[in-house]
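*Asks:* Combine both chains into one complex, guided by the hints.
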Amino acid sequence: MLGMMVVSHGTLAREFVDVAFRILGEEDPAVVALCIDWNADSASAKEQIKKALRKIQEGSDGVLILTDLFGGTPTNLAMTFYQAGKVEILTGVNLPMLIKAFSLRKTATPLVEVVHTLREKGQSAMVSVSEVLNPEEGEGA
Amino acid sequence: MIQREVLVCNRLGLHARAAAKLVQLANQFQSQVSVSTNHMSADAKSILGVLTLAAAKDTSLIIEVNGPDEQTALEKIEALIKQKFGEE
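Protein chains in written order, with the working numbering: chain A, 115 to 255; chain B, 63 to 150.
Next comes chain B alone, as it looks inside the complex (with noise of 0.2 Å):
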């Protein structure tokens, strides 16, 4: 298990769309994949679980993978935050 903290950073936030490409992203890998904040923990291949997070412009996220592609699973992920969701 590996995990990483990542700060939102685009400026709508974990918004419908962002979440959807973030489950997207994480479907992709057969990791389990956790996304965190202080107050709560989604499943990160559930949309409606992410948008529960309900996660604004500069959250800190916990990122946590577990499984056989773990490493590629949470390079991918912190790369798609980072990279603002390829909105702005």
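Excised from the complex, chain A in its bound form (with noise of 0.2 Å):
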């Protein structure tokens, strides 16, 4: 099974974890929220997503980080735990995402292609809804 945390600023990851937790009707203690605080000094910030880590990593077959904003703090710092096919690093997170990586950590689909999975899934969750109800007016009605 595929370890699992949301790395974000401000309290964005223990949001956004909750709020899964609450759709899905079921907590998962494996996965693991971790907001950086605004005024964190990176060094701390840097330890602290160490730890958990290094917690995560235990018997799991990989790591999964799910951070907020590509070039923001909370992923540079992410990013340089990154190993291929070990710790992988998606950015970017929103809900669809979240709830399919929820499912997908529990199956046996080698940690490389849930990130691709999750990419794909992630962006084609985003709907405009202008799109839906006129879908002969094409893209901008």
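These are computed hints drawn from the structure, not numbers from a lab.
You may find that some hints are simply not true.
To be verified - Distance condition first, Cα-Cα at most 25 Å in a straight line; then the derived SDA-like pairs of lysine to any residue:
{"no.": "1", "chain 1": "B", "residue 1": "Lys83", "chain 2": "A", "residue 2": "Ala144"}
{"no.": "2", "chain 1": "B", "residue 1": "Lys144", "chain 2": "A", "residue 2": "Leu138"}
{"no.": "3", "chain 1": "A", "residue 1": "Lys235", "chain 2": "A", "residue 2": "Asn208"}
{"no.": "4", "chain 1": "B", "residue 1": "Lys83", "chain 2": "A", "residue 2": "Val145"}
{"no.": "5", "chain 1": "A", "residue 1": "Lys200", "chain 2": "A", "residue 2": "Val226"}
*Replies:* Now the structure itself:
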């Protein structure tokens, strides 16, 4: 099974994980929400990620880190722990992606494939209501 | 393969938590389960799939079940929807 961590600015990670738990109707203690405090210095934030990562790595087949924003501090810090196929990072976490991740992590799908699927799901789950309601009028209608 | 038409009767329609309940139930069965509206069909074992149906209250759903436990699956799923997903 894959270990999983959501890392974000502020309290976003906690909220994302809590909302997903609420929707799915079950908590998964193996999913860690890591909120990087606005005032935290990067060394202590990095240490926070390192500690959580070590814990999750025990007995897991790999770790998936979902972060909020490419180029932001949480992502930049998480990237220092990147190990191809072992610790993979996907940025721009959204709720559909997270819900999909909860089910995929329990399957035997390899980590790299999980990242690929989640990226696709996260993007395809963005829906312009206008296009759904007025499909014949095309994009931007 | 068996199928049945069921009306969404809870106030909020097939929203996230209701969809999650439907998916959890569908996953308890070996049979393949699909749920369709007039416009679209989705795998009832995928929460994101079910949500894309955007089925509001009074939407008519076709539940289609195919497999060894199809009868029980269809009955339980129909009951869940008719019982308003236990919400009201």
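*Asks:* It remains to establish, for every hint, whether it holds in the given structure.
*Replies:* Outcome of the hint check:
1. B:Lys83 <-> A:Ala144: holds (22 Å)
2. B:Lys144 <-> A:Leu138: Given pair lysine 144 of chain B, leucine 138 of chain A holds - Cα atoms ~20 Å apart, limit 25 Å.
3. A:Lys235 <-> A:Asn208: Status holds; Cα separation ~10 Å.
4. B:Lys83 <-> A:Val145: Given pair lysine 83 of chain B, valine 145 of chain A holds - Cα atoms ~21 Å apart, limit 25 Å.
5. A:Lys200 <-> A:Val226: holds (9 Å)
Checked against the numbered hints above, the structure violates none of them.
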